[in-house]
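Protein chains in written order, with the numbering used here: chain A, 611 to 935; chain B, 2 to 291; chain C, 27 to 267.
Rather than coming from a laboratory, the hints here were simulated on the basis of the structure.
Check before you lean on any hint, since a few could be wrong.
[Said to hold, decoys possible] Residues on chain B that point at chain A, a partial pick, calculated with CB under 8 Å:
| id | residue |
| --- | --- |
| 1 | P120 |
| 2 | A122 |
| 3 | N124 |
| 4 | V127 |
| 5 | L131 |
[To be verified] Only pairs whose alpha carbons sit at most 20 Å apart, straight line, appear in this in silico SDA-like list of lysine to any residue:
| id | chain 1 | residue 1 | chain 2 | residue 2 |
| --- | --- | --- | --- | --- |
| 6 | C | K182 | C | N209 |
| 7 | B | K190 | B | E96 |
| 8 | B | K267 | A | A819 |
| 9 | C | K114 | A | M919 |
| 10 | B | K190 | B | S254 |
| 11 | B | K190 | B | M116 |
| 12 | B | K170 | B | L136 |
| 13 | C | K114 | C | R180 |
| 14 | B | K267 | A | E807 |
| 15 | B | K267 | B | P95 |
| 16 | A | K906 | B | F118 |
| 17 | C | K114 | A | R806 |
| 18 | B | K267 | B | S254 |
| 19 | B | K190 | A | M919 |
| 20 | C | K114 | B | P220 |
| 21 | A | K906 | B | G119 |
| 22 | A | K906 | B | V12 |
| 23 | A | K906 | B | K190 |
| 24 | C | K182 | C | P92 |
| 25 | A | K906 | B | D121 |
| 26 | B | K143 | B | V153 |
| 27 | B | K267 | A | M919 |
| 28 | C | K114 | A | E809 |
| 29 | C | K182 | C | L96 |
| 30 | C | K114 | A | E807 |
| 31 | B | K267 | B | K190 |
| 32 | C | K114 | A | K906 |
| 33 | C | K182 | C | S83 |
| 34 | A | K906 | B | H191 |
| 35 | B | K143 | B | M116 |
| 36 | C | K182 | C | F205 |
[As the list claims (entries may be wrong)] Just a sample of chain B residues kept apart from chain A, beta carbon distances all over 12 Å, derived:
| id | residue |
| --- | --- |
| 37 | K62 |
| 38 | A157 |
| 39 | T226 |
| 40 | G242 |
Ideal placement from N, C-alpha and C gives every residue a C-beta, glycine not left out.
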Amino acid sequence: MNRNRALTPIYLLTGLAAILVALPFFVGNYALSVATLILYFAYTGQAWNVMMGFAGQLSLGHALYVGVGAYAAGALFFYYGIGPWAGLWLAIALCVALGLVIGFLAFRFGISGVYFALLTIAFAEFTRIGFDHFGWTGGPGGMFLRVAQRDTWDLANFRGPPLMYYYAMLFLTAGAFALCAWLLRSRAGYYWQAIREDEEAARALGINAFRWKLLAVAISAAMTAVAGVFFAFYYNNLFPEQIFHISRSIEIILGPVIGGVGTLFGPLLGAAVLTLLSDGISDALNALGLDIPGVKQVFYGLVLLCVVMFLPHGIWPPIARRLRL
Amino acid sequence: MPAADLVANVVVSGILTGLVYGLMALGLSVIFGVVRVVNFAHGEMMTIAMYMATVLFAALKLDPFLAMLPVAAAFFVFGYALQAGLINPFITRPEHSQFMLLVAVAIILVNAMLMVFGPDARNVQVDYQLESFELGPLLVDKARLFAAIAAVVAAAAFFAFFRYTLTGKAIRACADNYLGARIVGLNVKHLYALTFGLGAVCVAIAGCAMVLLVDVTPPLGPSYTLLAFVIVIVGGLGSMGGALLGGVLIGVSEALAGLFITPSAKSMFSFGLLILVLLLRPQGLLGKRA
Amino acid sequence: MSLLEVRSVSKRFRGLRAVHDASFDVPQGEIYGLIGPNGAGKTTTFNMIAGVYAPDSGEILFGSAPIHGLRADQVCAAGIGRTFQIVKPFAGLSVLDNVMVGAFLRERQARAARELSVRILERLGLGAKRELPASSLTLPDRKRLEVARALATRPKLLLLDEVMAGLRPTECDQMIAVFRELNRADGTTILLIEHVMRAVMALARHICVLHHGEVIARGTPQEVVRNPAVLECYLGEETEV
Numbered sequence: 611m612n613r614n615r616a617l618t619p620i621y622l623l624t625g626l627a628a629i630l631v632a633l634p635f636f637v638g639n640y641a642l643s644v645a646t647l648i649l650y651f652a653y654t655g656q657a658w659n660v661m662m663g664f665a666g667q668l669s670l671g672h673a674l675y676v677g678v679g680a681y682a683a684g685a686l687f688f689y690y691g692i693g694p695w696a697g698l699w700l701a702i703a704l705c706v707a708l709g710l711v712i713g714f715l716a717f718r719f720g721i722s723g724v725y726f727a728l729l730t731i732a733f734a735e736f737t738r739i740g741f742d743h744f745g746w747t748g749g750p751g752g753m754f755l756r757v758a759q760r761d762t763w764d765l766a767n768f769r770g771p772p773l774m775y776y777y778a779m780l781f782l783t784a785g786a787f788a789l790c791a792w793l794l795r796s797r798a799g800y801y802w803q804a805i806r807e808d809e810e811a812a813r814a815l816g817i818n819a820f821r822w823k824l825l826a827v828a829i830s831a832a833m834t835a836v837a838g839v840f841f842a843f844y845y846n847n848l849f850p851e852q853i854f855h856i857s858r859s860i861e862i863i864l865g866p867v868i869g870g871v872g873t874l875f876g877p878l879l880g881a882a883v884l885t886l887l888s889d890g891i892s893d894a895l896n897a898l899g900l901d902i903p904g905v906k907q908v909f910y911g912l913v914l915l916c917v918v919m920f921l922p923h924g925i926w927p928p929i930a931r932r933l934r935l
Numbered sequence: 002m003p004a005a006d007l008v009a010n011v012v013v014s015g016i017l018t019g020l021v022y023g024l025m026a027l028g029l030s031v032i033f034g035v036v037r038v039v040n041f042a043h044g045e046m047m048t049i050a051m052y053m054a055t056v057l058f059a060a061l062k063l064d065p066f067l068a069m070l071p072v073a074a075a076f077f078v079f080g081y082a083l084q085a086g087l088i089n090p091f092i093t094r095p096e097h098s099q100f101m102l103l104v105a106v107a108i109i110l111v112n113a114m115l116m117v118f119g120p121d122a123r124n125v126q127v128d129y130q131l132e133s134f135e136l137g138p139l140l141v142d143k144a145r146l147f148a149a150i151a152a153v154v155a156a157a158a159f160f161a162f163f164r165y166t167l168t169g170k171a172i173r174a175c176a177d178n179y180l181g182a183r184i185v186g187l188n189v190k191h192l193y194a195l196t197f198g199l200g201a202v203c204v205a206i207a208g209c210a211m212v213l214l215v216d217v218t219p220p221l222g223p224s225y226t227l228l229a230f231v232i233v234i235v236g237g238l239g240s241m242g243g244a245l246l247g248g249v250l251i252g253v254s255e256a257l258a259g260l261f262i263t264p265s266a267k268s269m270f271s272f273g274l275l276i277l278v279l280l281l282r283p284q285g286l287l288g289k290r291a
Numbered sequence: 027m028s029l030l031e032v033r034s035v036s037k038r039f040r041g042l043r044a045v046h047d048a049s050f051d052v053p054q055g056e057i058y059g060l061i062g063p064n065g066a067g068k069t070t071t072f073n074m075i076a077g078v079y080a081p082d083s084g085e086i087l088f089g090s091a092p093i094h095g096l097r098a099d100q101v102c103a104a105g106i107g108r109t110f111q112i113v114k115p116f117a118g119l120s121v122l123d124n125v126m127v128g129a130f131l132r133e134r135q136a137r138a139a140r141e142l143s144v145r146i147l148e149r150l151g152l153g154a155k156r157e158l159p160a161s162s163l164t165l166p167d168r169k170r171l172e173v174a175r176a177l178a179t180r181p182k183l184l185l186l187d188e189v190m191a192g193l194r195p196t197e198c199d200q201m202i203a204v205f206r207e208l209n210r211a212d213g214t215t216i217l218l219i220e221h222v223m224r225a226v227m228a229l230a231r232h233i234c235v236l237h238h239g240e241v242i243a244r245g246t247p248q249e250v251v252r253n254p255a256v257l258e259c260y261l262g263e264e265t266e267v
């Protein structure tokens, strides 16, 4: 293999990492919060990607894991003052259990494709309405977490300035990226791709497809649960209508679908393009005095439509080819 | 424990509303069953029909039942164009690609409605909405009864079309065997577009009927989409009778859930039912095993 | 010593008797042929051995251990590799990656899996094409890939499902050479279902003939070819020698 070809991705990665680490020194708090949002979507997109891009199962109810993770950690903090680091484990445990239930039911009963997607939607909707009626977590009125201070870094309770949240999200996104890169090259990655390409042929090669698909679901759910915990302690208020809503699930998939399902850079690129462009459009419309609700989402829809029609594998693959990666 | 005649009234009301749901779902069943497209924008289309009915009423004092004609015509054209222009090229693409396409359309439609009409509820106000028929202990809303009748008549017309006309049979042939249909010379792309147009007509009629029963807001779009899928899956894919039966079942269960539990939890029941059906009897009540 | 023993297996599909009371033994280290006209029950028998479905009655023993009723992946783990009649490459992966999927069954580390895969590809003459996408291969190469992938699972028994179908005579001869070599050098036992008599006669030490789901003859190719029952139902009508 050409040595130069092998080095280019490393140069690019290091460059990107350097830019992201140094970013706070060049921009203000607003831009930082936008960057944090981009990273959040890149992270959740990457988590979703494990299920879709790797194991080939289309989940349109991923908001379920964000919500359950957020409420789990949030409730522990709200009622018992237990910090996010401990709450994290409950969040992950609950979400993995949920994911395994959904996966088990679906795969055992041979549900796939559209029906699987509908099943995931049904579970998310069911949970949304359930939480609307669940008094202990505040019902439809929501749960509000105490915010003591926001000036100094309090990692134990995950409280601090926007800078802290930015670096936390950067760390999570980098971790997700590394995890996925490692998985792709490992036995798991090969097996998942085989299952996605041709499950029957995969089984003939000794792959227990059922178990491996469940593993993908579990990892995806666990990763998304962490995003939920972040969400809880970043925004500090949780409403079932908001956090479990199907729009959240759709937001999660927009990044990877636009960037490139199954690729490593897809979710990050897609999240960046989408957030930056939509912010740009929002600002432009505000400047023109046209601040109508719904415009931003119409824009999302149009971008998604164009990408699905003209770049079905996402924006990243053609760029990767140009860069000869 | 509510009184027996209250329960009876609620059940009847559920059946009638369910028939309108059934017509909406019939459109999806036809589209999903024939063209194999997961029309994720189905509920949004229904909501647009409802809005059109309100606009025609506000501007021309047109009764929703009369509005059905122009709205259905417009929807036929829209449905045909959507399939021919946007979706037909996607037939050979992988499933999740098609799905995303319609998700995009749905997002655009629901937010376009939000932009144009705003978030506040709209409705129509006709005289007979406040009147009801007395049938013994039952008190049946006139509007609801008329809506249900319209739904049944429309469904019967569709049934007859697919059963007895040449075009209808051609469409069913495409559904059964895409390649075979092309080999015998059927213009499948045209038939697909026609089917989508007809499915859209179902939605148009159902929407005009529904606007007499419910106020319309943009978020209704996604919930009707999900509802339509629940009905189609419960009733059975590819079965027109199943769509109506599923609609009635969902209508009644929602009404009863609203009575016995709480109105806002009624969709929970539908989703629970969907999960059960997907797991235990994926071909639905009247569908054929794939 | 028999590596695979099929004992009185039967299978019905809703009233259609696909296989009835079929028995044969595949000796260790041999190439064994399973032939018969279309609809004779060869593929059903094959699928029962491969774990696609379980026999309604009867037993299948692999190295004295029962494998009937095991799932396809369990059968592979036990040491039986199979190819598909209509090849199923992982189209989105490269040739090498395809084989690596198979290799990972026995080698947990990617590097060892890759080394094993490269060796197998070299052996089957696909070494130079290993970075190409599997979808770009010609049919004969795809068949070799299918065999390579199955070989990567280090099977003791290789099941070949009409692997010669669609190949021209020269390509067929090349495949015959490959299997002969595999059998000779590694002692891999091979069970092949075939229509192409040229291949069966060239490779098989023993043959079992199925007709309407029943075994009507077993023996060496020379014996089977002269068997009157076989001649009447099968070889008399369609022979491709």
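Hint by hint, here is what the structure shows:
1. P120: holds (7 Å)
2. A122: Interface hint status for A122(B): violated (15 Å vs cutoff 8 Å).
3. N124: violated (20 Å)
4. V127: Given a least distance of 29 Å, the restraint on V127(B) is violated.
5. L131: Since chain A brings no Cβ nearer than about 31 Å to L131(B), farther than 8 Å, the hint is violated.
6. K182(C) to N209(C): The given pair, whose Cα atoms are some 11 Å apart, holds under the 20 Å limit.
7. K190(B) to E96(B): Given pair K190(B), E96(B) holds - Cα atoms ~18 Å apart, limit 20 Å.
8. K267(B) to A819(A): violated (37 Å)
9. K114(C) to M919(A): It is violated: about 28 Å lies between the C-alpha atoms, which goes past 20 Å.
10. K190(B) to S254(B): violated (38 Å)
11. K190(B) to M116(B): violated (33 Å)
12. K170(B) to L136(B): Given that 20 Å is the threshold and the Cα spacing comes to 41 Å, the pair is violated.
13. K114(C) to R180(C): Holds. K114(C) to R180(C) sits at ~19 Å (cutoff 20 Å).
14. K267(B) to E807(A): Violated, at about 40 Å.
15. K267(B) to P95(B): violated (34 Å)
16. K906(A) to F118(B): Satisfied, since the Cα-Cα distance of roughly 16 Å is no more than 20 Å.
17. K114(C) to R806(A): Holds: K114(C) and R806(A) sit about 13 Å apart, inside 20 Å.
18. K267(B) to S254(B): Holds, because 8 Å separates the two Cα atoms, which is no more than 20 Å.
19. K190(B) to M919(A): Holds, because 18 Å separates the two Cα atoms, which is no more than 20 Å.
20. K114(C) to P220(B): violated (45 Å)
21. K906(A) to G119(B): holds (14 Å)
22. K906(A) to V12(B): Violated: K906(A) and V12(B) sit about 42 Å apart, past 20 Å.
23. K906(A) to K190(B): Outside the cut-off at roughly 34 Å; violated.
24. K182(C) to P92(C): holds (15 Å)
25. K906(A) to D121(B): The hint holds at about 19 Å.
26. K143(B) to V153(B): Satisfied, since the Cα-Cα distance of roughly 15 Å is no more than 20 Å.
27. K267(B) to M919(A): violated (37 Å)
28. K114(C) to E809(A): holds (10 Å)
29. K182(C) to L96(C): holds (17 Å)
30. K114(C) to E807(A): holds (9 Å)
31. K267(B) to K190(B): Violated, at roughly 39 Å.
32. K114(C) to K906(A): With Cα atoms ~44 Å apart, K114(C) and K906(A) exceed 20 Å; violated.
33. K182(C) to S83(C): violated (25 Å)
34. K906(A) to H191(B): Violated: K906(A) and H191(B) sit about 35 Å apart, past 20 Å.
35. K143(B) to M116(B): At roughly 33 Å apart (the allowed maximum being 20 Å), M116(B) and K143(B) break the hint.
36. K182(C) to F205(C): Holds, at roughly 14 Å.
37. K62: holds (29 Å)
38. A157: Holds: least Cβ distance 28 Å, greater than 12 Å.
39. T226: violated (9 Å)
40. G242: holds (21 Å)
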